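Protein chains in written order, with our numbering: chain Z, 1 to 111; chain F, 1001 to 1115.
If you're looking for bench data, these hints aren't it; they were derived computationally from the structure.
One or more of the hints may lead you astray.
Unchecked claim - Under the rule of at most 27 angstroms between Cα atoms (straight-line distance), these lysine-lysine pairs were calculated in the DSSO-like manner:
hint, chain 1, residue 1, chain 2, residue 2
1, Z, K103, Z, K42
2, F, K1042, F, K1057
3, F, K1078, Z, K79
4, Z, K103, F, K1042
5, Z, K79, F, K1083
6, Z, K103, F, K1078
7, F, K1042, Z, K45
8, F, K1057, Z, K79
9, F, K1078, Z, K45
10, F, K1042, F, K1083
Quantities reported herein were computed from a predicted structural model and do not represent experimental measurements.
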Amino acid sequence: RKEVEQDPGPFNVPEGATVAFNCTYSNSASQSFFWYRQDCRKEPKLLMSVYSSGNEDGRFTAQLNRASQYISLLIRDSKLSDSATYLCVVNSVGGYSTLTFGKGTMLLVSP
Amino acid sequence: EPEVTQTPSHQVTQMGQEVILRCVPISNHLYFYWYRQILGQKVEFLVSFYNNEISEKSEIFDDQFSVERPDGSNFTLKIRSTKLEDSAMYFCASSEARDRGPEAFFGQGTRLTVV
């Protein structure tokens, strides 16, 4: 069973659209959850942490459903610069907080 | 803004050779990591390092690999006797403290090509 699963996409949306990505994780004891973005052949960059109560950062909203082991990311008013691969990331339990990455969902925002 | 820096950005090596990838983590961070990403695949954890010792490692991190913090700033990954399948992007990362959750910050990566 894959540890962190995401729809690979690509999601093709026009500028200004709202788009949502989902992610499921297999380890019910995971404690920390993140969305990273990765541009082509670049390093992953932390977009936002995901908290149980849900959290918002500008146009980005993240939600966590522990019962369903499900994480979501909503992007409102998409910009061309949002085009990237969005990585769902979960920490591994036990000790020193290693990260388990999903394969990512590709977003392409067009004019 | 503080950042993790890695050198070289690209390394080409012959199969069987040893390579050393270098990283300078963010200065006040205590936890250091190496990850790798084979082209077209997901980012995979290799090893974490804290207080001058390995704290956790994955199945990928076998005897071919070693890490070291030779001085107060550098953090290195050594790959002995490289194989073709070691070709990947290798990312170094660091985080401030475990209690904050692993908000790890990544370096720009070293692209290793084994020929």
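Problem set entry | Restraint status (C-alpha distance of Z:K103 to F:K1042 at most 27 angstroms) | 4 angstroms, holds
For this session: Given the hint that F:K1042 pairs with Z:K45, test it: the Cα-Cα distance must not exceed 27 angstroms.
Result: Holds: F:K1042 and Z:K45 sit about 14 angstroms apart, inside 27 angstroms.
Problem set entry | Given pair status - F:K1083, F:K1042, alpha carbons within 27 angstroms | Holds, because 19 angstroms separates the two Cα atoms, which is no more than 27 angstroms.
Problem set entry | Z:K103 paired with Z:K42 [C-alpha distance capped at 27 angstroms] | Judged against 27 angstroms, a Cα distance of about 14 angstroms means the pair holds.
Problem set entry | Distance restraint between Z:K79 and F:K1083, which requires alpha-carbon spacing of 27 angstroms or less | Given that 27 angstroms is the threshold and the Cα spacing comes to 41 angstroms, the pair is violated.
Exercise. Within 27 angstroms, alpha carbon to alpha carbon, are F:K1078 and Z:K79?
Worked result: 40 angstroms, violated
Problem set entry | Satisfaction of hint between F:K1057 and F:K1042, Cα-Cα up to 27 angstroms | Cα-Cα ~17 angstroms, so holds.
Exercise. Holds or violated: are the alpha carbons of Z:K103 and F:K1078 at most 27 angstroms from each other?
Worked result: 26 angstroms, holds
Exercise. Can the restraint linking F:K1057 and Z:K79 be considered satisfied, given a maximum Cα separation of 27 angstroms?
Worked result: The given pair, whose Cα atoms are some 38 angstroms apart, is violated under the 27 angstroms limit.
Exercise. Holds or violated: F:K1078 with Z:K45, Cα cutoff 27 angstroms?
Worked result: 24 angstroms, holds
Checked against the numbered hints given earlier, the structure breaks hints 3, 5 and 8 and satisfies all the rest.
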